[in-house]
Amino acid sequence: MSTLPSHTSPRFHYRLATVQDWGDIAAVTQQAYGQYELEIMEDCRESFQQGMKAVLAASTSEMEWWVAETDHGISGAVLFCHPGATLQVLDGSTITLALPEARLLAVSPQARGLGLGRTLMQVCIQRARDIGAGALLVRTMPEMKSANQLCQQMGFVKRTEAGARSGPMARLIDYRYALPPEHAGTAGAAARS
Numbered sequence: 001m002s003t004l005p006s007h008t009s010p011r012f013h014y015r016l017a018t019v020q021d022w023g024d025i026a027a028v029t030q031q032a033y034g035q036y037e038l039e040i041m042e043d044c045r046e047s048f049q050q051g052m053k054a055v056l057a058a059s060t061s062e063m064e065w066w067v068a069e070t071d072h073g074i075s076g077a078v079l080f081c082h083p084g085a086t087l088q089v090l091d092g093s094t095i096t097l098a099l100p101e102a103r104l105l106a107v108s109p110q111a112r113g114l115g116l117g118r119t120l121m122q123v124c125i126q127r128a129r130d131i132g133a134g135a136l137l138v139r140t141m142p143e144m145k146s147a148n149q150l151c152q153q154m155g156f157v158k159r160t161e162a163g164a165r166s167g168p169m170a171r172l173i174d175y176r177y178a179l180p181p182e183h184a185g186t187a188g189a190a191a192r193s
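Those letters in the sequence shown? Residues 1 to 193, per the UniProt record's numbering, in order.
Since the hints were made in silico from the structure, they are not lab data. Don't take every hint at face value.
[As the list claims (entries may be wrong)] Pairwise CB distance ranges, derived in the manner of DEER restraints:
id	residue 1	residue 2	range
1	Gly132	Arg159	16 to 22 Å
2	Pro181	Ala26	32 to 38 Å
3	Asp71	Ala26	19 to 25 Å
4	Gly92	Gly132	30 to 36 Å
5	Thr18	Lys145	30 to 36 Å
6	Asp71	Arg159	36 to 42 Å
7	Ala178	Arg118	17 to 23 Å
8	Pro180	Gly113	27 to 33 Å
9	Lys145	Gln30	31 to 37 Å
10	Lys158	Arg112	19 to 25 Å
11	Ile131	Gln110	29 to 35 Å
12	Thr86	Arg11	34 to 40 Å
[To be verified] Lysine to any residue pairs mimicking SDA-like chemistry, simulated, CA-CA at most 25 Å apart:
id	residue 1	residue 2
13	Lys158	Pro83
14	Lys145	Leu104
15	Lys145	Leu172
16	Lys158	Met63
17	Lys158	Gln88
18	Lys145	Gln31
19	Lys158	Ile95
20	Lys158	Ile131
21	Lys145	Pro181
22	Lys145	Val89
23	Lys158	Gln110
24	Lys158	Glu143
25	Lys158	Ala85
26	Lys145	Arg118
27	Lys145	Arg112
28	Lys158	Thr70
29	Lys145	Val19
30	Lys158	Ile173
31	Lys145	Thr70
32	Lys145	Gln88
33	Lys145	Ile173
34	Lys158	Asp130
35	Lys158	Leu104
36	Lys158	Gly115
37	Lys158	Ser61
Ideal Cβ placement from N, Cα and C applies to all residues, glycine included.
With the hints as constraints, model all of the structure from the sequences given.
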């Protein structure tokens, strides 16, 4: 049974996105990730932008966009990718996911500090649990300090350090959130890998 967080709070609510939301999702995501373009090395910037555009344009049943809305409209978004989804990665190749992934978590600068990012990650954790996955993956970059901190605070375990790969993929840090069967322990506990 799904135990998603309450879909409302005094400051925002979240929901599954619709096709009509894609423009707003793209705008919030580009606004949130715009700060990293100056920090990402020149050789990685173009592949980062192309990869972000490819994922923003994706619309398959293997992916779910979730949004957080404030009084100002959509102020946060995250892409939940089901196992089996095929995605373009930073080096231009494609991968087929073995585990679910949370991608492009974005909160507009004006809405930071309200808990939107944490709630959207909780939604992804619960969606992974709902489909019976053993873990949820998240990829960040060293420049994404708030995302790295959020992952660590929520119990994600760092699986791959930046520099473990070559080319544009070398910038990625992988985090894993283990999802033990609900009957085996406390729901939401992160198992060490």
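Taking the hints in turn, this is what the structure says about them:
Remark: the range hint 16 to 22 Å for Gly132 to Arg159 is upheld by a beta-carbon distance near 20 Å. The given range of 32 to 38 Å is respected by Pro181 and Ala26, whose C-beta atoms sit roughly 37 Å from each other. Roughly 21 Å separates the CB atoms of Asp71 and Ala26, a value that falls within the hinted 19 to 25 Å. In this structure the supplied range 30 to 36 Å holds for Gly92 paired with Gly132, their Cβ-Cβ distance being about 32 Å.
Our hint of 30 to 36 Å for Thr18 and Lys145 holds, since their Cβ atoms are close to 32 Å apart. At about 38 Å, the CB distance of Asp71 to Arg159 agrees with the hint of 36 to 42 Å. Checked against the hint of 17 to 23 Å, the C-beta distance between Ala178 and Arg118 comes to roughly 18 Å, which is consistent with it. Against the hinted window of 27 to 33 Å, the Cβ-Cβ separation of Pro180 and Gly113 comes to about 31 Å, which satisfies the hint.
Take Lys145 and Gln30: their Cβ atoms lie about 19 Å apart, and the range 31 to 37 Å is violated. In this structure, Lys158 and Arg112 meet the distance hint of 19 to 25 Å, their C-beta atoms being roughly 23 Å apart. For the pair Ile131 and Gln110, the supplied restraint of 29 to 35 Å holds, since their beta-carbon distance comes to about 33 Å. Our hint of 34 to 40 Å for Thr86 and Arg11 holds, since their Cβ atoms are close to 36 Å apart.
Among the hinted pairs, Lys158 with Pro83 is consistent with the structure: their alpha-carbon atoms are about 20 Å apart, no more than 25 Å. For the hint pairing Lys145 with Leu104, the CA-to-CA distance comes to about 14 Å; that is within 25 Å, so the pair holds. Restraint check for Lys145 and Leu172: the C-alpha separation of about 13 Å stays at or below 25 Å, so the hint holds. Simply put, Lys158 and Met63 have alpha-carbon atoms about 24 Å apart, close enough for the 25 Å limit, and the pair holds.
Among the hinted pairs, Lys158 with Gln88 is consistent with the structure: their alpha-carbon atoms are about 22 Å apart, no more than 25 Å. Between the alpha carbons of Lys145 and Gln31 the distance comes to roughly 16 Å, so the proposed pair stays at or under 25 Å and holds. Proposed proximity of Lys158 and Ile95 is supported: the alpha carbons are some 20 Å apart, at most 25 Å. Annotation: proposed proximity of Lys158 to Ile131 holds, straight-line Cα distance about 23 Å (limit 25 Å).
Between Lys145 and Pro181 the CA atoms are separated by roughly 31 Å; this puts the pair beyond 25 Å, and the hint is violated. For the given pair, Lys145 sits about 21 Å from Val89 by alpha-carbon distance, which is consistent with the 25 Å threshold. Proximity of Lys158 to Gln110 is assessed by CA-CA distance (about 29 Å); at most 25 Å being required, the pair is judged violated. Taking the CA atoms of Lys158 and Glu143, the gap is about 15 Å. The hint holds against a cut of 25 Å.
Taking the CA atoms of Lys158 and Ala85, the gap is near 22 Å; set against the 25 Å cutoff, the hint holds. With a C-alpha separation of about 14 Å, the suggested pair Lys145 and Arg118 falls inside the 25 Å cut-off, and the hint holds. Among the hinted pairs, Lys145 with Arg112 is consistent with the structure: their alpha-carbon atoms are about 14 Å apart, no more than 25 Å. For the hint pairing Lys158 with Thr70, the CA-to-CA distance comes to about 31 Å; that exceeds 25 Å, so the pair is violated.
For the proposed pair Lys145 and Val19, the alpha carbon gap of about 31 Å is over 25 Å, so the pair is violated. Distance hint between Lys158 and Ile173 is fulfilled; the C-alpha atoms sit about 7 Å from each other, no more than 25 Å. Between the alpha carbons of Lys145 and Thr70 the distance comes to roughly 24 Å, so the proposed pair stays at or under 25 Å and holds. Between the alpha carbons of Lys145 and Gln88 the distance comes to roughly 24 Å, so the proposed pair stays at or under 25 Å and holds.
Proximity of Lys145 to Ile173 is assessed by CA-CA distance (about 11 Å); at most 25 Å being required, the pair is judged to hold. Restraint check for Lys158 and Asp130: the C-alpha separation of about 23 Å stays at or below 25 Å, so the hint holds. Note on Lys158 and Leu104: the hinted pairing holds, with a Cα-Cα distance of about 18 Å set against a maximum of 25 Å. For the hint linking Lys158 to Gly115, the alpha-carbon distance of about 22 Å falls within 25 Å, and the restraint holds.
Taking the CA atoms of Lys158 and Ser61, the gap is about 28 Å. The hint is violated against a cut of 25 Å.
When held up to the earlier numbered hints, the structure conflicts with 9, 21, 23, 28, 29 and 37 and fits the remainder.
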